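A.B. asks: Chains A and B are the protein sequences, given in the same order. In terms of my numbering, the first sequence opens at residue 161 and continues consecutively. In terms of my numbering, the second sequence opens at residue 295 and continues consecutively.
These are calculated hints, taken from the structure and not from any lab test. As the structure is a computational prediction, the values presented were derived from the model and not from experiment. Hints are supplied without guarantee of correctness; some may be wrong.
[As the list claims (entries may be wrong)] Partial pick of chain A residues on the chain B-facing surface, computed with a CB cut under 8 Å:
| id | residue |
| --- | --- |
| 1 | N245 |
| 2 | L256 |
| 3 | N259 |
| 4 | Q263 |
| 5 | R376 |
| 6 | T431 |
[Claimed, not checked] Which residues of chain A face chain B? A partial, calculated answer using Cβ under 7 Å:
| id | residue |
| --- | --- |
| 7 | E243 |
| 8 | N274 |
| 9 | N347 |
| 10 | R385 |
Backbone N, C-alpha and C define an ideal beta-carbon position, used for all residues, glycine too.
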Amino acid sequence: MSAFPRARRVRRLRLAPWLAAAAVLAACSGPGADVNGTTAAPVAVGAVKSVAVVTHGSPGDAFWNVVKNGAEAAGKDLGIRVEYNSAGDPTQQAKLIDNAVAQGVDGLVVSMANPDALRPSVEKAVAAGIPVVTINSGEAESARFGAIGHVGQSERLAGEAAGKRLADAGKHKMLCVIHEAGNVGANERCAGAIQGFGAATTLQVDINNPTDVQSRIKGALEADRSIDAVLTLNSQIAARAVDAVKESSAKTTVATFDLNSDVVRAIQAGTLLFAVDQQQYEQGYLPVVMLKLYKSNLNAVGGGHPVQTGPAFVDKTTVDAVAALVGQGTR
Amino acid sequence: MTTTTEASETASGTAAAPPDRMAILNRLVARPEVGALLGAVAVFVFFTVITTKFLNPLGISTWLDDASTLGIMAVAVALLMIGGEFDLSTGVMTASTALITGLLAVHAGWNVWFALAVSLAFALAVGALNGWVVMRTGLPSFIVTLGTFLALQGLNLGVTRWATGTVQVSGMRSADGYQSAGWVFASTTKIGNASIQASVVWWIAVTAVAAIVLARTRFGNWIFAVGGSLPTARAVGVPATRTKILLFMTTAFAGWIVGACNLLRFASVQANQGVGLEFQYIIAAVIGGCLLTGGFGSVVGAALGALIFGMARQGIVLAGWNSDWFMLFLGLLLFSAVLVNNAFKKRAERVRR
Chain A
161 MSAFPRARRV
171 RRLRLAPWLA
181 AAAVLAACSG
191 PGADVNGTTA
201 APVAVGAVKS
211 VAVVTHGSPG
221 DAFWNVVKNG
231 AEAAGKDLGI
241 RVEYNSAGDP
251 TQQAKLIDNA
261 VAQGVDGLVV
271 SMANPDALRP
281 SVEKAVAAGI
291 PVVTINSGEA
301 ESARFGAIGH
311 VGQSERLAGE
321 AAGKRLADAG
331 KHKMLCVIHE
341 AGNVGANERC
351 AGAIQGFGAA
361 TTLQVDINNP
371 TDVQSRIKGA
381 LEADRSIDAV
391 LTLNSQIAAR
401 AVDAVKESSA
411 KTTVATFDLN
421 SDVVRAIQAG
431 TLLFAVDQQQ
441 YEQGYLPVVM
451 LKLYKSNLNA
461 VGGGHPVQTG
471 PAFVDKTTVD
481 AVAALVGQGT
491 R
Chain B
295 MTTTTEASET
305 ASGTAAAPPD
315 RMAILNRLVA
325 RPEVGALLGA
335 VAVFVFFTVI
345 TTKFLNPLGI
355 STWLDDASTL
365 GIMAVAVALL
375 MIGGEFDLST
385 GVMTASTALI
395 TGLLAVHAGW
405 NVWFALAVSL
415 AFALAVGALN
425 GWVVMRTGLP
435 SFIVTLGTFL
445 ALQGLNLGVT
455 RWATGTVQVS
465 GMRSADGYQS
475 AGWVFASTTK
485 IGNASIQASV
495 VWWIAVTAVA
505 AIVLARTRFG
515 NWIFAVGGSL
525 PTARAVGVPA
535 TRTKILLFMT
545 TAFAGWIVGA
555 CNLLRFASVQ
565 ANQGVGLEFQ
575 YIIAAVIGGC
585 LLTGGFGSVV
595 GAALGALIFG
605 MARQGIVLAG
615 WNSDWFMLFL
625 GLLLFSAVLV
635 NNAFKKRAER
645 VRR
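Only chain A is shown next, with the shape it has when bound in the complex (with noise of 0.2 Å):
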């Protein structure tokens, strides 16, 4: 192409394209509005070859790391090809459970972190006849999606245990370090915490950048000598904030959710109280298991009732124990 096209008129074009799409959208549906009542996936006995897990995670994240794992064991124990995606963009989430359809997998195990935007595509899959277990969040809109199952933890419910312990700590002023500004799991927790302690405050900080995750919960503890516990939603965050409490030279307890080696070791060494485990290595062993039972024999686990996962605690009587299966990558 030229640096300078002639200008052309455009008169004999302006019609042809309007017509055209005329014609597409006269063939086309709208997306449905909100009705009442369940879709139920029609039943099917049969093998399961094949099963997609899509979750929000992103990649290399530790914690969707050991679901991934137990996907992937649960696979190998029952010879069923798992195959694992993630992103962290709903609209993205959507389109790879769209294309795990596509695929025509015979069973799909998807984390609901934003439910709304996933609905169309899961009721798709359902409506292909493929059973759906959902894991992780999305616990309130699984049966209604059409999903055979869940298998997670409540967040509000264990951020109030959270808080609840740490309350019957002796403290007195939280703060709650949300480390993913626009994650619902994490603000959830936060404030089931809050409700379960009483008196707290919030602080906004970004994982990817571990440095500022420091000095803000550093800068925030400075600012407010009358906090005395700090919790985090993340083993990551919560080596950083244990790090901060050495170096401004409170005496802060630290607490966190989730686990991993350093979690371990500043458990062992007395510098965290202790660790909410959801045991997420369940969610994704689990899912995999609910559905080959389901196909094969027609079995619905849990009755209804979301499997919950958590909240278990890891605190220094029972860390010893588990520090093995952590550094192994099942816990």
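Here the structure of chain A is known, so what remains is to put chain B in place on it, guided by the hints.
C.D. replies: Below, chain B without anything else, positioned relative to chain A:
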């Protein structure tokens, strides 16, 4: 190319010699979208051979869907890049407009169409502001729109949490006017057993309109002119400021379309949505033959760049590959597409001389 062929080409222009095969090839090669077209064909053939699920109706609808919203943005970004500017606020703009629409429709109880009108006005205002600041201050648009990007990101989170107490707006399906607005932005067309999303239709429409504007209108000439050389363009009477402001408004407008498509289809929007996508739009435009320096590029190429992106991203999943390697593959693919493109561009520049 050697001087002899160049000579023969000029000869074929003056004398009534038959157009030799070389000249046709040269003319083809000089088009900026040829590299993208070859890349798209290569990726298409590759995945069609690798997996049977790629070329069945369900598979096609999946990667077209992925390419569509990216494509709508890439086309607008391409126009802006040909005009010599960058816009880093495009990704966040898709979330900002959706959040405004969602907040007004769900929390203020407005009709969806009125909410859409307000978010459109907001988008156009931000676009105009971007353009005005760039032209007024003479600062690089990279810096100016980086500021807009950060400001919008903060606004998205702050306003959403202030108004809703959470970080997402949901519940669009029960808002007034959802049915009709949803039909325009989020309906699906059944073709066989595959359903094509409305965003694909928007993508094609936006590409067609932008291609016609760029190639056949005076405004299209102005875009090339201000991107090629601003002082020269001004010297020959091109209204440079107006052109550039309109281009920034175009990318903001595209952000509004994608925001509306996403909001009405997924019925919810997250405060951090869209962050980082601006680079994908620029990448698609560059694969499509746009120069980072402006003055050269194509709208159809940008649409093809988005298609390559969508085919590769979903093709890898359809092929059932371990997703750990996904980004590596995507990186290599983009790199080779740009290399092929670059080789063609060099050749094209030699031909044009």
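A.B. asks: State for each hint whether it applies.
C.D. replies: Evaluation of the provided hints:
A hinted interface residue such as N245(A) counts as satisfied when its beta carbon comes closer than 8 Å to some beta carbon of chain B; here the least separation is about 5 Å, so the hint holds. At a threshold of 8 Å, the smallest CB-CB gap from L256(A) to chain B is about 6 Å, leaving the interface hint in force. Annotation: N259(A) was flagged as interfacial toward chain B, and the flag holds, the nearest CB pair being 5 Å apart, inside 8 Å. With a cut of 8 Å, the hint placing Q263(A) at the interface with chain B holds, because the nearest CB-to-CB distance is about 5 Å.
Contact between R376(A) and chain B, as hinted, is not supported at the beta carbon level, the nearest pair being about 15 Å apart and thus beyond 8 Å. Here the hint on T431(A) is broken, as its CB sits about 30 Å from the closest CB of chain B, past 8 Å. Satisfaction of the interface hint for E243(A) is found here, the shortest Cβ-Cβ separation to chain B being roughly 6 Å, below the 7 Å cut-off. The interface hint given for N274(A) is met, as the beta carbon of that residue sits about 6 Å from the closest beta carbon of chain B, less than 7 Å.
The criterion of a C-beta within 7 Å of any C-beta in chain B is met by N347(A), whose closest approach is roughly 6 Å, and the hint holds. Checking R385(A) against chain B: minimum C-beta separation of about 27 Å lies over 7 Å; hint violated.
Hint compliance for this structure: hints 5, 6, 10 are broken, all remaining hints hold.
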